[in-house]
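2 protein chains.
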Amino acid sequence: MSTSSQPLSPSNFRDLFDSVEAFLFDCDGVIWKGDELIQGVSQTLQMLRSKGKKLVFVTNNSWKSRSQYAQKFQSLGISVSQDEIFSSSFAAAMYLKAKDFPSQNKVYVIGGEGILEELRLADITAFGGPEDANKTIDLKQNCFVEHDKSVGAVVVGIDPNINYYKLQYGTLCIRENPGCLFIATNRDAVGHMTALQEWPGAGCMVAAICGSTQKEPVVVGKPSTFMMEFLLKKFNVSCSKMCMVGDRLDTDILFGQNAGCKTLLVLSGVTTQSALQDPSNNIQPDYYTNTISDMLDLSRA
Amino acid sequence: MSTSSQPLSPSNFRDLFDSVEAFLFDCDGVIWKGDELIQGVSQTLQMLRSKGKKLVFVTNNSWKSRSQYAQKFQSLGISVSQDEIFSSSFAAAMYLKAKDFPSQNKVYVIGGEGILEELRLADITAFGGPEDANKTIDLKQNCFVEHDKSVGAVVVGIDPNINYYKLQYGTLCIRENPGCLFIATNRDAVGHMTALQEWPGAGCMVAAICGSTQKEPVVVGKPSTFMMEFLLKKFNVSCSKMCMVGDRLDTDILFGQNAGCKTLLVLSGVTTQSALQDPSNNIQPDYYTNTISDMLDLSRA
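Quick note, the sequences are listed as chains F and S, same order. So the first sequence is residues 1 to 301, counted in the UniProt record's numbering. So the second sequence is residues 1 to 301, counted in the UniProt record's numbering.
Just so you know, these hints were derived from the structure itself, not from any lab. Hints may be right or wrong, so weigh each one.
Covered stretches of chain S (chain F as the covering partner; in silico rule of three or more C-beta atoms under 8 Å from a C-beta of chain F) [said to hold, decoys possible]:
no. : segment
1   : 160-172
2   : 189-200
3   : 206-212
Result set (DSS-like, lysine-lysine): computed pairs, CA atoms no more than 27 Å apart in a straight line [to be verified]:
no. : chain 1 : residue 1 : chain 2 : residue 2
4   : S       : K135      : F       : K135
5   : S       : K51       : F       : K140
6   : F       : K215      : F       : K99
7   : F       : K233      : F       : K53
8   : S       : K215      : F       : K215
9   : F       : K140      : S       : K234
10  : F       : K33       : S       : K215
11  : F       : K33       : S       : K234
12  : S       : K51       : S       : K234
13  : F       : K149      : F       : K97
Note that CB positions come from ideal geometry on N, CA and C, so glycine has one too.
Sequences are here, hints too, so could you generate the full structure?
This is the structure:
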């Protein structure tokens with residue numbers, strides 16, 4: 001089914017630019033790497049806004065909440081409103097809302113403060129996350145983790161403070177609480193948590209819980225299109241007039257394709273041109289280019 | 001293909017007993033639960049020895065080495081020689097020996113001291129395990145884990161001290177060192193690490209590394225029959241004259257069946273009679289009974 005992608009060029013860029021009303025950007029590997037802005041991003045986003053394009057930032061990284069991401073943009077000198085940000089932490093909260101998660105039930109979180117904040121904003125009681133970072137387990141004979149029977153969902157995202165206590169707590173809730181949901185913010189294998197190297201992503205923690213529970217999660221982040229209905233409501237743009245811009249084939253580009261958007265792969269993140277063109281790869285974006293700042297150069301051409 | 005199992009009875013027990021020269025026992029859930037001996041085990045093993053049966057203890061728990069398991073048996077009042085014990089920690093070392101693991105290469109271990117000890121006894125250089133238990137990661141921008149390029153294998157077993165440093169280190173070796181092997185001691189989802197409850201097993205840590213590397217491991221413990229060739233050499237008994245006794249369908253019983261042994265499920269561990277008889281279960285042992293001490297009662301009948 002896949003036809004091979006075209007490199008972004010002066011002629012096809014004009015077609016893309018004219019037909020698209022909203023650009024959806026992944027953040028890590030597209031806007032920044034770790035805490036460093038990718039060159040030319042600020043001017044590129046300004047140019048797009050000045051031409052009347054809508055901008056949306058869709059990130060699978062659940063470590064932060066939308067407001068924390070808005071602060072991060074601010075600290076990097078880019079002004080983005082919280083309403084333009086769709087993080088997988090927010091998606092997890094919206095999923096539970098959409099499922100009418102009972103108000104007497106609680107959520108156990110393996111992941112960051114961002115998930116807890118988004119759940120609080122959605123009036124859902126949650127615990128775990130950072131507060132369990134330093135819990136240790138000494139497997140003596142009388143060692144026993146007592147879990148809360150009112151936990152009705154376990155949300156798992158990236159967690160650099162993963163430990164055996166959290167794994168046991170989440171496993172007990174999913175295995176022993178009838179009907180307990182298992183929600184993954186995303187399943188990215190690795191990500192640029194720091195500028196210098198890639199680190200295990202949420203896919204690592206999610207797989208760990210799959211391994212101990214022998215259950216599969218509901219994924220709310222990319223490539224699941226769960227977030228798309230919220231995007232459509234808010235921006236009132238049809239999917240065919242959106243372009244998803246990302247650095248990952250199996251999340252960003254697949255998400256864009258699943259939703260019926262145009263897709264642009266940037267090579268500033270985890271995907272190399274040779275990986276894109278490898279015969280084993282069957283996910284082909286419409287276009288690819290080095291970084292989003294190429295759009296700035298092409299718009300001036 | 002599966003026919004349903006028979007409960008052990010005076011008549012079929014006699015057939016089984018007469019046709020079997022060696023009994024292979026799983027340990028956790030069969031001999032003990034955590035650090036507590038299951039009732040009647042000591043007398044049952046004595047009876048089998050007195051009737052000339054060979055005894056072998058085949059455990060997927062890689063936390064301990066064979067000598068550490070022999071000490072555990074001793075501390076529970078049972079005399080077992082190290083040569084009668086086949087642990088998945090030993091299997092990992094034997095697998096690398098069988099593959100002529102180059103002497104200039106090293107092994108990184110996610111797991112317990114038992115794996116390191118078995119690797120040392122096989123003259124293989126290994127590191128990681130307990131020495132990395134307290135390593136922490138602070139994801140600042142300059143944070144970087146440098147890994148040893150001479151690591152040629154990562155061995156993953158149960159590790160209650162699992163942390164993000166270990167996950168990153170193992171992931172880097174597997175992703176970046178050409179030809180680096182990924183070996184799982186076993187993939188048990190959960191196990192009775194303490195008498196009071198089940199805890200995530202090696203299957204949890206192994207899945208985590210699968211999640212971050214997007215690779216599948218070689219499994220050396222049950223249900224893989226890798227250990228069987230060592231068993232056959234040492235005991236000189238044909239598989240059809242062996243009976244595998246265990247509490248898990250997907251490891252112990254499958255292992256016995258894969259090897260062509262007779263199989264006996266005991267209900268003293270993780271498998272209930274209703275799970276055995278559930279239509280979704282397609283692994284049927286030849287026989288089942290409550291605990292191995294039923295063999296003692298039946299031998300007197």
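Quick rundown of the hints versus the structure:
1. 160-172: holds (count 9)
2. 189-200: Result for this restraint: holds, n = 9.
3. 206-212: n = 7 at 8 Å, threshold three: holds.
4. S/K135 <-> F/K135: Roughly 14 Å between the alpha carbons, so the hint for S/K135 and F/K135 holds.
5. S/K51 <-> F/K140: With a Cα-Cα distance of about 36 Å, the restraint between S/K51 and F/K140 is violated, given a limit of 27 Å.
6. F/K215 <-> F/K99: Holds - the C-alpha atoms of F/K99 and F/K215 are around 19 Å apart, at most 27 Å.
7. F/K233 <-> F/K53: holds, 17 Å
8. S/K215 <-> F/K215: holds, 19 Å
9. F/K140 <-> S/K234: violated, 35 Å
10. F/K33 <-> S/K215: Holds, because 25 Å separates the two Cα atoms, which is no more than 27 Å.
11. F/K33 <-> S/K234: At roughly 56 Å apart (the allowed maximum being 27 Å), S/K234 and F/K33 break the hint.
12. S/K51 <-> S/K234: Holds, because 20 Å separates the two Cα atoms, which is no more than 27 Å.
13. F/K149 <-> F/K97: holds, 20 Å
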